[in-house]
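*Asks:* As a plain string of letters, each chain reads:
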Amino acid sequence: ETGVTQTPRHLVMGMTNKKSLKCEQHLGHNAMYWYKQSAKKPLELMFVYNFKEQTENNSVPSRFSPECPNSSHLFLHLHTLQPEDSALYLCASSLDGPGGEKLFFGSGTQLSVL
Amino acid sequence: EDQVTQSPEALRLQEGESSSLNCSYTVSGLRGLFWYRQDPGKGPEFLFTLYSAGEEKEKERLKATLTKKESFLHITAPKPEDSATYLCAVQAYDNYGQNFVFGPGTRLSVLP
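Chains as they are written, first to last, in the working numbering: chain C, 1 to 114; chain V, 1 to 112.
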């Protein structure tokens, strides 16, 4: 148990569906992240939130819409996705500060877009 | 642009056969270099942070080292439970230090 919980673990959706991924952390961290992990590719940073403010949007298509209502919760709203969006979506959190801070990851949501 | 490469892509070892994984990086001002372990179907799990050249960290059968251009993860007398994908990541001082750049990983299999 890393203290970062993601739901659902698996999701299958059609290209016209709307769904949301949820992430919750109980570590008292102030930074939260969404990463995309595709087969045989490095983790790709999608969004960063620091103290509920979005500080990074890594050129992500608008069909992915993040929401961070507080420092403990992070959502990724999905709509009209494409088959190439199928991947493992990982949420992470960190305690921002000098000298570098490690990431704590959830177990991810395995997304399949049909 | 910050970049991280890892080699080999995959490595098969016999139990007890020591080896090393390589992580090469280019970054504009290294804030930290991180090693993570990822088991299938799970998120990455933190192993080590290295901050400056010459630094070394150890944990059980794993030892991480850092130079100005690369890091090595040495695995001594590995066991089957060490089988996993090992990820390397760097964090730079720019962009508020929040952008971790990951390498593609090395998939390690330790056979009994």
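If you are wondering where the hints come from, they were derived from the structure by calculation, not from laboratory data. Ideal Cβ positions, reconstructed from N, Cα and C, are used throughout, including at glycine. Among the hints, erroneous ones may be present.
[Stated by the list, open to error] Looking from chain V toward chain C, a few residues come up when the C-beta cut is under 10 Å (computed):
{"hint": "1", "residue": "F46"}
{"hint": "2", "residue": "F48"}
{"hint": "3", "residue": "T106"}
[To be verified] Think about it this way: if two alpha-carbon atoms lie no more than 27 Å apart in a straight line, the pair counts; the simulated BS3-like pairs of lysine-lysine are:
{"hint": "4", "chain 1": "V", "residue 1": "K68", "chain 2": "C", "residue 2": "K19"}
{"hint": "5", "chain 1": "V", "residue 1": "K68", "chain 2": "C", "residue 2": "K41"}
{"hint": "6", "chain 1": "C", "residue 1": "K41", "chain 2": "V", "residue 2": "K42"}
{"hint": "7", "chain 1": "V", "residue 1": "K42", "chain 2": "C", "residue 2": "K22"}
{"hint": "8", "chain 1": "V", "residue 1": "K79", "chain 2": "C", "residue 2": "K40"}
{"hint": "9", "chain 1": "C", "residue 1": "K52", "chain 2": "V", "residue 2": "K57"}
{"hint": "10", "chain 1": "C", "residue 1": "K52", "chain 2": "V", "residue 2": "K68"}
{"hint": "11", "chain 1": "V", "residue 1": "K69", "chain 2": "C", "residue 2": "K40"}
{"hint": "12", "chain 1": "C", "residue 1": "K22", "chain 2": "V", "residue 2": "K63"}
{"hint": "13", "chain 1": "C", "residue 1": "K19", "chain 2": "V", "residue 2": "K69"}
{"hint": "14", "chain 1": "V", "residue 1": "K59", "chain 2": "C", "residue 2": "K18"}
{"hint": "15", "chain 1": "C", "residue 1": "K19", "chain 2": "V", "residue 2": "K57"}
{"hint": "16", "chain 1": "V", "residue 1": "K63", "chain 2": "C", "residue 2": "K18"}
{"hint": "17", "chain 1": "C", "residue 1": "K102", "chain 2": "V", "residue 2": "K59"}
{"hint": "18", "chain 1": "C", "residue 1": "K18", "chain 2": "V", "residue 2": "K42"}
{"hint": "19", "chain 1": "V", "residue 1": "K79", "chain 2": "C", "residue 2": "K102"}
{"hint": "20", "chain 1": "C", "residue 1": "K102", "chain 2": "V", "residue 2": "K69"}
{"hint": "21", "chain 1": "V", "residue 1": "K59", "chain 2": "C", "residue 2": "K52"}
{"hint": "22", "chain 1": "V", "residue 1": "K42", "chain 2": "C", "residue 2": "K40"}
*Asks:* Sort out which numbered hints this structure fails and list those numbers smallest first.
*Replies:* 3, 4, 9, 10, 12, 13, 14, 15, 16, 21
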